[in-house]
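Participant: Below, each chain spelled out in residue letters.
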Amino acid sequence: MTRARIAFWTVLVTLLVLLPPAAAALQQPFYLDLVRKAMIFAIAAASLNLILGYGGLVSFGHAAYLGIGGYAVGVLAFYGTTSGWLQWGVAIGASALVALAIGAVSIRTSGIYFIMITLAFTQMLYYLGISIEEYGGDDGMRIKTRSDFSGLIDLGDPVAFYYLALVLMLACLFLVHRIANSRFGMVLRAAKSNEPRSRGIGYSPYAYRLVAFVIAGAMCGLAGAMFANHTAYITPEFMHWTRSGEIMFMVILGGIASTAGPLLGALVLLVVETLLAGWTEHWQAILGPLLVLSVLFFRRGLAGMIPGSRDG
Amino acid sequence: MDTGSGSLIDSPRDFLEENFMICRIILAAAITLAFAASPAMAQQKLKIGFITTLSGPGGIIGKHMRDSVEVALDQLNRKVGGLETEVIYGDDQFKPDVGLQVAEEMMKKNGVDIMSGIIWSNVMLAVQPAVNKAGLIMVGTNAGASPLAGTGCNELYFSTSWNNDQTPEAMGKFMQDAGVNDVYLMAPNYQAGKDMVAGFKRYYKGRIVDEVFTRVGQPDYQAELSQLRAKNPKNVFVFYPGGMGVAFMKQWSEGGFRGQFPLYSVFTVDETTIPALKHSVLGQYETKFWSPDLKVPASQKFVADFQKKNGYLPSFYGAQSYDGIMLIDSAVRAVKGNVKDSKGMVMAMRKANYNSIRGKFTFNVNHHPIQDFYLIKAVAGPAGKDPVMEIQKKVFENHKDSYYKDCKMKW
Amino acid sequence: MPLTLVLEQLLNGVQFGVMLFLMAAGLTLVFGIMNLVNLAHGSLYMMGAYLTVAAVQWSGNYLAGVALGLFATLLLGMLVEVVALRTLYERDHLDQVLATFGLILFFNELAAIFWGRAALDLPRPDWLQGHIELFAASRYPLYRAVVIGVGLAVAAALWYVVTRTRLGMLVRAGASNRSMIAALGVNIRLLYTFVFGIGAALAGLAGVMAGPIYAVQPGMGELILIQVFVVIVIGGIGSIRGAFAGALIVGVVDTLGRAFLKPLLGTVLSPTAAEAAGPALASMLIYLLMAVVLALRPEGLFPSRGGQ
Numbered sequence: 001m002t003r004a005r006i007a008f009w010t011v012l013v014t015l016l017v018l019l020p021p022a023a024a025a026l027q028q029p030f031y032l033d034l035v036r037k038a039m040i041f042a043i044a045a046a047s048l049n050l051i052l053g054y055g056g057l058v059s060f061g062h063a064a065y066l067g068i069g070g071y072a073v074g075v076l077a078f079y080g081t082t083s084g085w086l087q088w089g090v091a092i093g094a095s096a097l098v099a100l101a102i103g104a105v106s107i108r109t110s111g112i113y114f115i116m117i118t119l120a121f122t123q124m125l126y127y128l129g130i131s132i133e134e135y136g137g138d139d140g141m142r143i144k145t146r147s148d149f150s151g152l153i154d155l156g157d158p159v160a161f162y163y164l165a166l167v168l169m170l171a172c173l174f175l176v177h178r179i180a181n182s183r184f185g186m187v188l189r190a191a192k193s194n195e196p197r198s199r200g201i202g203y204s205p206y207a208y209r210l211v212a213f214v215i216a217g218a219m220c221g222l223a224g225a226m227f228a229n230h231t232a233y234i235t236p237e238f239m240h241w242t243r244s245g246e247i248m249f250m251v252i253l254g255g256i257a258s259t260a261g262p263l264l265g266a267l268v269l270l271v272v273e274t275l276l277a278g279w280t281e282h283w284q285a286i287l288g289p290l291l292v293l294s295v296l297f298f299r300r301g302l303a304g305m306i307p308g309s310r311d312g
Numbered sequence: 001m002d003t004g005s006g007s008l009i010d011s012p013r014d015f016l017e018e019n020f021m022i023c024r025i026i027l028a029a030a031i032t033l034a035f036a037a038s039p040a041m042a043q044q045k046l047k048i049g050f051i052t053t054l055s056g057p058g059g060i061i062g063k064h065m066r067d068s069v070e071v072a073l074d075q076l077n078r079k080v081g082g083l084e085t086e087v088i089y090g091d092d093q094f095k096p097d098v099g100l101q102v103a104e105e106m107m108k109k110n111g112v113d114i115m116s117g118i119i120w121s122n123v124m125l126a127v128q129p130a131v132n133k134a135g136l137i138m139v140g141t142n143a144g145a146s147p148l149a150g151t152g153c154n155e156l157y158f159s160t161s162w163n164n165d166q167t168p169e170a171m172g173k174f175m176q177d178a179g180v181n182d183v184y185l186m187a188p189n190y191q192a193g194k195d196m197v198a199g200f201k202r203y204y205k206g207r208i209v210d211e212v213f214t215r216v217g218q219p220d221y222q223a224e225l226s227q228l229r230a231k232n233p234k235n236v237f238v239f240y241p242g243g244m245g246v247a248f249m250k251q252w253s254e255g256g257f258r259g260q261f262p263l264y265s266v267f268t269v270d271e272t273t274i275p276a277l278k279h280s281v282l283g284q285y286e287t288k289f290w291s292p293d294l295k296v297p298a299s300q301k302f303v304a305d306f307q308k309k310n311g312y313l314p315s316f317y318g319a320q321s322y323d324g325i326m327l328i329d330s331a332v333r334a335v336k337g338n339v340k341d342s343k344g345m346v347m348a349m350r351k352a353n354y355n356s357i358r359g360k361f362t363f364n365v366n367h368h369p370i371q372d373f374y375l376i377k378a379v380a381g382p383a384g385k386d387p388v389m390e391i392q393k394k395v396f397e398n399h400k401d402s403y404y405k406d407c408k409m410k411w
Numbered sequence: 001m002p003l004t005l006v007l008e009q010l011l012n013g014v015q016f017g018v019m020l021f022l023m024a025a026g027l028t029l030v031f032g033i034m035n036l037v038n039l040a041h042g043s044l045y046m047m048g049a050y051l052t053v054a055a056v057q058w059s060g061n062y063l064a065g066v067a068l069g070l071f072a073t074l075l076l077g078m079l080v081e082v083v084a085l086r087t088l089y090e091r092d093h094l095d096q097v098l099a100t101f102g103l104i105l106f107f108n109e110l111a112a113i114f115w116g117r118a119a120l121d122l123p124r125p126d127w128l129q130g131h132i133e134l135f136a137a138s139r140y141p142l143y144r145a146v147v148i149g150v151g152l153a154v155a156a157a158l159w160y161v162v163t164r165t166r167l168g169m170l171v172r173a174g175a176s177n178r179s180m181i182a183a184l185g186v187n188i189r190l191l192y193t194f195v196f197g198i199g200a201a202l203a204g205l206a207g208v209m210a211g212p213i214y215a216v217q218p219g220m221g222e223l224i225l226i227q228v229f230v231v232i233v234i235g236g237i238g239s240i241r242g243a244f245a246g247a248l249i250v251g252v253v254d255t256l257g258r259a260f261l262k263p264l265l266g267t268v269l270s271p272t273a274a275e276a277a278g279p280a281l282a283s284m285l286i287y288l289l290m291a292v293v294l295a296l297r298p299e300g301l302f303p304s305r306g307g308q
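Heads up: the sequence lines are chains A, B and C, in that order. Under the working numbering, think of the first position of the first sequence as 1, with each following residue one higher. Under the working numbering, think of the first position of the second sequence as 1, with each following residue one higher. Under the working numbering, think of the first position of the third sequence as 1, with each following residue one higher.
Okay, chain A solo, but in the shape it has when bound (with noise of 0.2 Å):
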């Protein structure tokens, strides 16, 4: 790494960690809970950046795994298991299966034919979710008890909580970039930039997609899981098309194939919706132009602006 992008992820993380700390002084703890809820939210992005950014694959049913996330939460608790290893780690394991149920069909079509079947696939989720009465159908569930870990850390504390957020936000977005720069992510990039010639040397793209999905899928899973403990409360709202419109956005924001992107982008979208929304109701009109304008302009998104950052 550069210096320069020593410098900035080490002012980044320095900024994050003094913020509890800066924000109970200042007695603002409300922007806690916004920047917890914006790391949630990055590990999503960072797992959508993996497939779409790095990998091509633009997938509008992406937030299908965050409800899977929640629900493997909410109904674990709803039977009374409340060990978060066993909630978290079913919310990884569902979601992975599902994504490899998904993936299989889906990726063997392309373009915008793949954009409509993930679509198509996160929508029948969500109506199976709102006809699922015994889970509050779409009036939700509440989750009374956050999801235990053996009392090693105690989710009901929010700055424990900012925390853990924190390091499986940093580890995630390590783990994406590890990935994209390994022997796989090449294949995958490879793919992406031009698909004939990485057949031609031999390589099937296929298989190479479907696992890039399957990781994307679990790791969505996990911010789900983190998600429902976050809110206390999951409905089938969380896998509407609209929320995979969101992550999109934060990845696109953020930038593409980059390993900062997707916490940018996340950040700067809900810190700007929180702002807009609290100044106007027609916040929309401002921020619908405003996406509007950083697709078309902001080409390489926030992590562009990052010195250096030429991801490699």
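Heads up, a few of these hints could be off.
Unchecked claim - Straight line, CA to CA, 25 Å or less: simulated SDA-like cross-link-like pairs of lysine to any residue:
no., chain 1, residue 1, chain 2, residue 2
1, B, K47, A, T280
2, B, K385, C, P123
3, B, K278, C, A276
4, B, K308, B, L73
5, B, K109, A, K192
6, B, K234, C, P303
7, B, K377, B, P275
8, B, K340, A, P29
9, B, K109, B, P147
10, B, K405, A, P20
11, B, K45, A, F30
12, B, K133, A, P20
13, B, K108, A, K192
14, B, K133, A, K192
15, B, K109, A, S83
16, B, K47, A, A25
17, B, K79, B, T151
18, B, K201, B, K231
19, A, K192, C, P123
20, B, K201, C, L170
Stated by the list, open to error - If you only want the chain C side, here are some residues facing chain B, beta carbon under 8 Å, derived:
no., residue
21, H131
22, Y214
23, T255
24, P279
It should be emphasised that the hints constitute simulated quantities derived from the structure, not laboratory data. Ideal placement from N, C-alpha and C gives every residue a C-beta, glycine not left out.
Given chain A, work out where chains B and C should sit, using these hints.
Facilitator: This is chains B and C only, laid out in the frame that chain A set:
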């Protein structure tokens, strides 16, 4: 200056540009924190948080609610309970997690003393636990989720609306008492739809021709209407709120069903949807705890002031929100402005000692009103204007919801 | 299940399909010829309805209002193309999806700012009310029959223009090879703007037809946007023929599913199971259909011949 990356640095400008991003992050963080730090507030001001949906679909309801809160504030001279009051409005965007975030912001950043509002059950179920856990009183002014009336009842939660099941229960009772014995049911396939049908069936014991659940947000009901006509029921009961109701009603009229089949509904035809439907609603029956023509002095004053200020007729969403502010006013008065005295506030609220738009009422053990329900009918409005809802008769007197026995509170 | 009911539901399905076709035609035209994924197509449908409401109120006459509203939508479409979408032609689908998603937010809020959030009323004139007798005592709303007629007429007109006129030839040629056409002296930018405007007008027409029977309110476009995309994916992107076939298939399958799935399930499952599964399955039906079609023919049923 050697950066090791090979980029060309040979001037201070380049240094700045190089570290631009870092500087920007630090600057942004500093600005944000400075921006956020608010000056300490003196307690003589009362802050009420009001969460509703102001953007997107459902925004019309939020508008009704906000306009009603403003009418209440005007009547109280902007002083609730004698204290200078600031109402902070929040937009939940119809999403539970956004509602929760807004509530957290109001509690932690704005330091509200009491929370109110919320249209949707799923948003309420996400927000109420957080608000009550923080020790704040929550006055719900619409959402009537059943857990809150039953096992989830809370000392710090009050409702100035109803429990979801009560309104369809009233319709079921009316039809049962009227000797109706043949009904076709339709509702959207989500929790509220299922609740409405369940509430209806709790009191209506006659024959149900069919129960049809349609997709949420569906714009076209022609297929379902053809099925209905083939089954040829004697009566039809539906629940289609918001835009779904507008679409359904239009197609009901246009398909020639109006006049052919008596139509009864809940939460489908009201002052938020009549402007779009106009005469296509004439002759339709609904049940509700309130109507703008209710002859209760407090209600008549509210309706008159609202129409004068806003130029349109208020809906029950508004009446409930107005009532919420008045309830809070009575409680703050009772504790003589000492809002921090939650126990005192709760005791005062339980007395329901204020002029409610529904008339004199008492709270049930679960802090939901025990109130009357009426059969209302859409009739022609004053010349050239939209139809209005008119009370026909009382269906329930002092009706309790069906969940209060599960509530463990005693007082 | 009486035959007349099935026939009536088929007719309902065709009518719904025709509405979908009006939307899908514009979308697939723009996608096929300009390779642009336009999520804001639903917003043009919404603006068509709103502008027509305004025009009818202003002129006092239904037909005049409809003509004005459609013309205004055409202009709006061209304006949007020139201002916001031109730069997107060269970009990849992801950028197009996101930029047009931003446009959706903007238009929804614009409608709310100008017309408020409450649903509006677009009344039908008297000569469009009433019923027609179709078969064996089955009264079908005249308005819906007119919608079917209009949709079929538009389909025929589109087919004629695209295959038999010079304009259509230019449009198809431009899709195959843009620079060649420009070299031959055709103003390709103007052509694209015009095509987009036509697509917008088609969406606006769907909005006008929907106005009297659906709720005219902010966000009305998103309610059918997904179904329209399903239609063009099933039908094959870029082909009007595919849009027509896809629209009819989706319209009929969705309608028949909503009408008959629960009773059918009731014959094999218990009533309570059918109660729960029927509606849920009916909402998912067209997505399942799309998945099946894509599994068998990944390019849709009638992919366009001009390669992208």
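Participant: Hinted pair, alpha-carbon criterion (25 Å max): K192 (chain A), P123 (chain C). Please report holds or violated.
Facilitator: Judged against 25 Å, a Cα distance of about 52 Å means the pair is violated.
Participant: Identify whether the interface hint at P279 (chain C) stands, where standing means a beta carbon of chain B within less than 8 Å of its own.
Facilitator: Cβ of P279 (chain C) sits 4 Å from chain B, so the hint holds.
Participant: Take the C-alpha atoms of K377 (chain B) and P275 (chain B), compute the straight-line distance between them, and say whether it is at most 25 Å.
Facilitator: Distance ~16 Å between K377 (chain B) and P275 (chain B) Cα, so the pair holds.
Participant: Is the hinted pair K405 (chain B) and P20 (chain A) satisfied, with a Cα-Cα distance of at most 25 Å?
Facilitator: 43 Å, violated
Participant: Given the hint that K79 (chain B) pairs with T151 (chain B), does the C-alpha gap stay at or below 25 Å?
Facilitator: 35 Å, violated
Participant: Less than 8 Å between beta-carbons is the criterion; does T255 (chain C) satisfy it with respect to chain B?
Facilitator: 4 Å, holds
Participant: With 8 Å as the cut and Cβ atoms as the points, is H131 (chain C) at the interface with chain B?
Facilitator: Given a least distance of 6 Å, the restraint on H131 (chain C) holds.
Participant: Hey, K201 (chain B) versus K231 (chain B), does the alpha-carbon distance stay inside 25 Å?
Facilitator: 20 Å, holds
Participant: For a C-alpha distance cap of 25 Å, please report whether K308 (chain B) and L73 (chain B) respect it.
Facilitator: 15 Å, holds
Participant: Under the criterion that the straight-line Cα-Cα distance not exceed 25 Å, is the pair K109 (chain B), P147 (chain B) satisfied?
Facilitator: Distance ~29 Å between K109 (chain B) and P147 (chain B) Cα, so the pair is violated.
Participant: Taken at face value, is the distance from the CA of K192 (chain A) to the CA of K109 (chain B) at most 25 Å?
Facilitator: 45 Å, violated
Participant: For the pair supplied as a hint, K45 (chain B) and F30 (chain A), is the alpha-carbon distance within the 25 Å limit?
Facilitator: The given pair, whose Cα atoms are some 21 Å apart, holds under the 25 Å limit.
Hints 3, 5, 6, 9, 10, 13, 14, 15, 17, 19 and 20, counting from the list given before, are not met by this structure.
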